[in-house]
Amino acid sequence: MCPDNDELDEEIRGHLAISVNQRIERGEEPAAARLAALKEFGNLTLTRESIQGVYRPRWFDAAEGLARDIRFAVRSLLRVKGMAATVIVTLALGIGANAAIFSVIRGVLLRPLVNRDEDRLIYIRQTAPGIGATNMTFSVPEVNDLKSRVPSVSAFGDFSTVDLRLIGLGSEPRIVKAGVVGGSFFEVMGLRPVLGRLLDAHDDGPDAEGAAVLTYRFWSISLNSDPTVVGKTIRLGPRSATVVGVLEPSVPYPADTEIIANIVTSPHHLGATMNTNRAHRMTELFGRLAPGASVESARAELSAVHTAMVREHPESYSTKASVQLRVTKLRDQIASPARTILIVLLAAAAVVFVIACSNVANLILARSVRREGELAVRAALGAGTGALRRTLLAESLVLCGAGALLGLLLARPFVAVVARYAARFSIRALEVTVDSSVLWVGAGLAIAAAVLLAYVPRLPSPQAPAGLGLATGGVRITPGTNRRLRMFATTQIAFSFVLLAGAGMLLATLVAMQTANTGVDMRHVLAVDMPPAATGFGMGDANVIGFHEETGRRIAQLPGVDGVALTMLVPWRDRFGPGIVFGVDGYTPVDGEERPRARFRVVSPRYFAVLGVPLIAGRDFTDEDRRDSELVAIVSQTVAQRLFPNGDALNRHMWWIDDYFGKVVVPRRIVGVVGDVDDENIVRAPAMAIYQPVRQIGVVGRLLVRAAGDPYALVPAVRRVVRGMSADQPVERPATLEDIRAEVLSPDRLNAFVFSGFAGIALLIAVVGVAGVLAFSVSARTREFGVRLAVGSTPRHLLARVLSEGGRIAAIGIAAGAAGGYLLARVATKFFTQVELPGMVPVAGAAAVLIAAAVVASLMPAARASRVDVLQALRSE
Amino acid sequence: MAKHSDDQRLELLQGTLDMLLLRTLQWGPRHGHGIGQTIRAQSDDLLRVETGSLYPALHRLVKRGWLKAEWGVSEANQRARFYQLTAAGKAQLSRERDRWSQLVDAIGRVMNPARASEE
Chain A
0 MCPDNDELDE EIRGHLAISV NQRIERGEEP AAARLAALKE FGNLTLTRES
50 IQGVYRPRWF DAAEGLARDI RFAVRSLLRV KGMAATVIVT LALGIGANAA
100 IFSVIRGVLL RPLVNRDEDR LIYIRQTAPG IGATNMTFSV PEVNDLKSRV
150 PSVSAFGDFS TVDLRLIGLG SEPRIVKAGV VGGSFFEVMG LRPVLGRLLD
200 AHDDGPDAEG AAVLTYRFWS ISLNSDPTVV GKTIRLGPRS ATVVGVLEPS
250 VPYPADTEII ANIVTSPHHL GATMNTNRAH RMTELFGRLA PGASVESARA
300 ELSAVHTAMV REHPESYSTK ASVQLRVTKL RDQIASPART ILIVLLAAAA
350 VVFVIACSNV ANLILARSVR REGELAVRAA LGAGTGALRR TLLAESLVLC
400 GAGALLGLLL ARPFVAVVAR YAARFSIRAL EVTVDSSVLW VGAGLAIAAA
450 VLLAYVPRLP SPQAPAGLGL ATGGVRITPG TNRRLRMFAT TQIAFSFVLL
500 AGAGMLLATL VAMQTANTGV DMRHVLAVDM PPAATGFGMG DANVIGFHEE
550 TGRRIAQLPG VDGVALTMLV PWRDRFGPGI VFGVDGYTPV DGEERPRARF
600 RVVSPRYFAV LGVPLIAGRD FTDEDRRDSE LVAIVSQTVA QRLFPNGDAL
650 NRHMWWIDDY FGKVVVPRRI VGVVGDVDDE NIVRAPAMAI YQPVRQIGVV
700 GRLLVRAAGD PYALVPAVRR VVRGMSADQP VERPATLEDI RAEVLSPDRL
750 NAFVFSGFAG IALLIAVVGV AGVLAFSVSA RTREFGVRLA VGSTPRHLLA
800 RVLSEGGRIA AIGIAAGAAG GYLLARVATK FFTQVELPGM VPVAGAAAVL
850 IAAAVVASLM PAARASRVDV LQALRSE
Chain B
0 MAKHSDDQRL ELLQGTLDML LLRTLQWGPR HGHGIGQTIR AQSDDLLRVE
50 TGSLYPALHR LVKRGWLKAE WGVSEANQRA RFYQLTAAGK AQLSRERDRW
100 SQLVDAIGRV MNPARASEE
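Those protein sequence lines, which keep their order, are chains A and B.
For what it's worth, numbering that gives the first Met the number 0 labels the leading residue of the first sequence as 0, then goes sequentially.
For what it's worth, numbering that gives the first Met the number 0 labels the leading residue of the second sequence as 0, then goes sequentially.
For the record, the hints were derived by calculation from the structure and aren't laboratory data.
Careful, some of the hints might be misleading.
[Stated by the list, open to error] List of simulated lysine-lysine pairs, DSBU-like, C-alpha gap at most 30 Å: (1) A:K38 <-> B:K62; (2) B:K89 <-> A:K38; (3) A:K38 <-> A:K146; (4) A:K328 <-> A:K146.
[What the hints assert, rightly or not] Reference listing, derived: stretches of chain B covered by chain A, where coverage requires no fewer than 3 residues with Cβ under 8 Å from a Cβ of chain A: (5) 29–37; (6) 42–51; (7) 54–67; (8) 76–87.
[Stated by the list, open to error] Just the calculated beta-carbon pair ranges, DEER-fashion: (9) B:R63 <-> A:L438: 24 to 30 Å; (10) B:L9 <-> A:E9: 27 to 33 Å; (11) B:S42 <-> A:R67: 36 to 42 Å; (12) B:G14 <-> A:G443: 40 to 46 Å; (13) A:D8 <-> B:I106: 39 to 45 Å; (14) B:S42 <-> A:G443: 43 to 49 Å; (15) B:G64 <-> A:R67: 27 to 33 Å; (16) A:R67 <-> B:I106: 37 to 43 Å.
For each residue, glycine too, the CB sits at the ideal point set by N, CA and C.
Given the sequences, and given the hints that come with them, work out the whole structure.
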């Protein structure tokens, strides 16, 4: 369409030639005629360019204009480096935090699973709201009932987790977490092998050969992706199995196991309890929707079958528990624990962004007031409102673009922190990386901020002539601007307060938990897992007990060991279900009263001495408490006080009331009362616990060693002692009780850490905001301060005045934040079950921190105000 | 030579150049130099179109489809680009002519209220 250069040149040459010809015909000299024609034509290049301009598309002009504006913006921002840097860093923090949280949310909640047709996968669980169980899994008879009666689920897969001793694959004997699956599991889950094959229908049942699949993580990390692993034989507990393949990388759900084996590898799965006891629940159930079926139809059908099943077997479902069936998409099931926490984090990140934006708005507003003169000159020279806005937009685009760029750089470490944090709630967080979606989020936020910011400053209005300010370039601060500045600063304080109070609450909880008295000497006690050869079966076997006792004796003889005890669980690390119902002499529950429950514990003599738990009355167990002697028990202080208010617990009898112990009542004489040890809760609660001696029950293989010096220094010696007695006995997870408890606390610590991080960022931004507002307000009121000094104010007065302004902003912000936070918590209770309002201490602490920060932030501007030179100030306008 | 000195010459009213160009081409194709001369001659030398405005305007009208351009040879045997009205250009000319007479009429009423009311 556009004529090329030659054509344009020819047209212009033609014009000149015609003009020259006419002049010559009129009688002019050829040379003079040529000169006159050229003169008449004017600027050749300019004409050619404006002709070409006709054919340029409109956006080209716009882009050129924008580029010009941006060059101009960069130049003018370079003149205010401090302010520009503050804005960029502030925005970077806000954008980086949001981008990071968003990538984690995308990775954990939104991304599809690798499983084939993953949206057809469902997860089925039983809940018992009556006894507070959210997932009580299934027993084999239940699974069989559901499998046989539900047509809208085309196939079911089952998975249960067991601890098996693994020998082979070039490592010491050790206990691994293993999944045990039926033949349909991998087909239902829609997973593929990266090596060899997966388990299928041929591997199902009690007559198949033992076969195991390695998970990708285990294979790639522990075995260095060894390609020759397929076909190797490993020993799993008492059986052996062949490694048939390696699973592709996938979300390990329901458990992060190292191997997944077929049923024959687990003797327990072949036993009668597993297959006939309807209440023996340890299987998790997955389903693949039949073609045409929806989650809703499957849910309806499964629920109907389940209800019928519960009715047919009332003995296995107590009415109090009110067992129900839940069906969710697998993806939602995996994501659900992380959902709430991620949404809370997103809210925190959004708050930081709001704070960042309002801070930046503040700085830009202050700057635009300073440059009202410049804008007025430009308006006077003919720049329209649009052009001025475009200048401002270009400037905020430069600022926000730079901020977004820096923010994206920050996003990488942020994602690492947040993903590690979220991994506690969803395994999927481990795979989260910074992806391109972050770019879009960053760019979106930056553009939103830029457009917002460009509309913050007022333009010189055509009605009010700005002539006065033009020449002097003085700063004229209007009440309106001032109010807006303060409003932004107050907003920042209010939002920071909410975050600070929240972080304070988490910190207070953490400190309370960390410093809580546990009643146990944690620093000097080393806990070691020494699982009996199989999986805890045969725990009462005299040989097994003898082995553990002999091991304990030999360890006790090591130098630096003050005592050794056997127990069934390591405090805070191991779990042994809820308390068990028991009865005692001379106590009959009133009608309708719940029978008492106590924790069932099996310990060796010297257990209480090793832990440092005081023996309050009676005696400790001794080696004479054997199976063939009188059955005895020791109760915790709380049991003694609740059931024997008269303090006569000793020599009375107690007995467990549970099928687990058989139908016959076996009374045990209470021979001792010991201090409470809460080995389940981090913060000690009154604990009902009843202990019986190892020799009368059996061992589960936990060893407690009390050290005189550094407990960890004993680990090699302990390992040598065990190796000396048996080559196959695993020795695992040595740790002091102190470290075990700290490990349990680490999610709380991470919670507090992440939230404090957000609160810290918010506080930093708010301090910059308050300082900025006051500094600006002081510099704009130099004259006012001069007048005040002239009429007799002292510099100290002015100092106090500015400080109190800072304090007032903070106070109003805190009040607004407290009110807003309270309302927010009220709204949140409607959506989340657990919403805690922070106590007085964190709230007061947050307020104190903010007031202090505001005062510190006002110090510099206040000092400047008090140092105003009277004469200069009065002359300044 | 020139019938009028420079300060007697009139500034073109904004927006009227297109109309003048279309009108000038009503009598047939012309090249750029010829168009400028015609406007000058017909306005008794009161209106002069600078080449810096004339050529961009011509190209703009071509782009809009109101004119079309073809290479030809001038009376002095010089190769030149000849501009010609299209059908759309003719329609545009009559629209602009109407708007122009309305404008003149309106301005006339404002400037000479007495005469307007007599009519």
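Structure-based check of each hint:
Simply put, A:K38 and B:K62 have alpha-carbon atoms about 28 Å apart, close enough for the 30 Å limit, and the pair holds. Simply put, B:K89 and A:K38 have alpha-carbon atoms about 34 Å apart, too far for the 30 Å limit, and the pair is violated. A hinted pair counts as satisfied when its Cα atoms are at most 30 Å apart, and A:K38 with A:K146 does not qualify at roughly 98 Å. For the hint pairing A:K328 with A:K146, the CA-to-CA distance comes to about 18 Å; that is within 30 Å, so the pair holds.
With 4 residues having a Cβ less than 8 Å from any Cβ of chain A, the stretch 29–37 of chain B passes the three-residue criterion, so the hint holds. Counting residues of the stretch 42–51 of chain B whose CB lies closer than 8 Å to any CB of chain A gives 3, which reaches the minimum of 3, so the coverage claim holds. With 5 residues bearing a CB less than 8 Å from a CB of chain A, the stretch 54–67 of chain B meets the requirement of three and the coverage assertion stands. Counting residues of the stretch 76–87 of chain B whose CB lies closer than 8 Å to any CB of chain A gives 4, so the stated coverage by that chain holds, three being the minimum.
Separated by about 41 Å at the C-beta atoms, B:R63 and A:L438 break the suggested range of 24 to 30 Å. Judged by the Cβ atoms, the range 27 to 33 Å given for B:L9 and A:E9 holds: they are separated by roughly 32 Å. At about 38 Å, the CB distance of B:S42 to A:R67 agrees with the hint of 36 to 42 Å. Between B:G14 and A:G443 the beta carbons are some 42 Å apart, a value that agrees with the proposed interval 40 to 46 Å.
In this structure the hint that A:D8 and B:I106 lie 39 to 45 Å apart at CB holds, the actual value being about 42 Å. Taking 43 to 49 Å as the suggested C-beta distance range, the pair B:S42 and A:G443 does not conform, at roughly 57 Å. At about 31 Å, the beta-carbon gap between B:G64 and A:R67 stays in the expected band of 27 to 33 Å. Checking the proposed 37 to 43 Å range against A:R67 and B:I106 shows it holds: the Cβ atoms sit about 38 Å from each other.
The structure shown violates the earlier hints numbered 2, 3, 9, 14.
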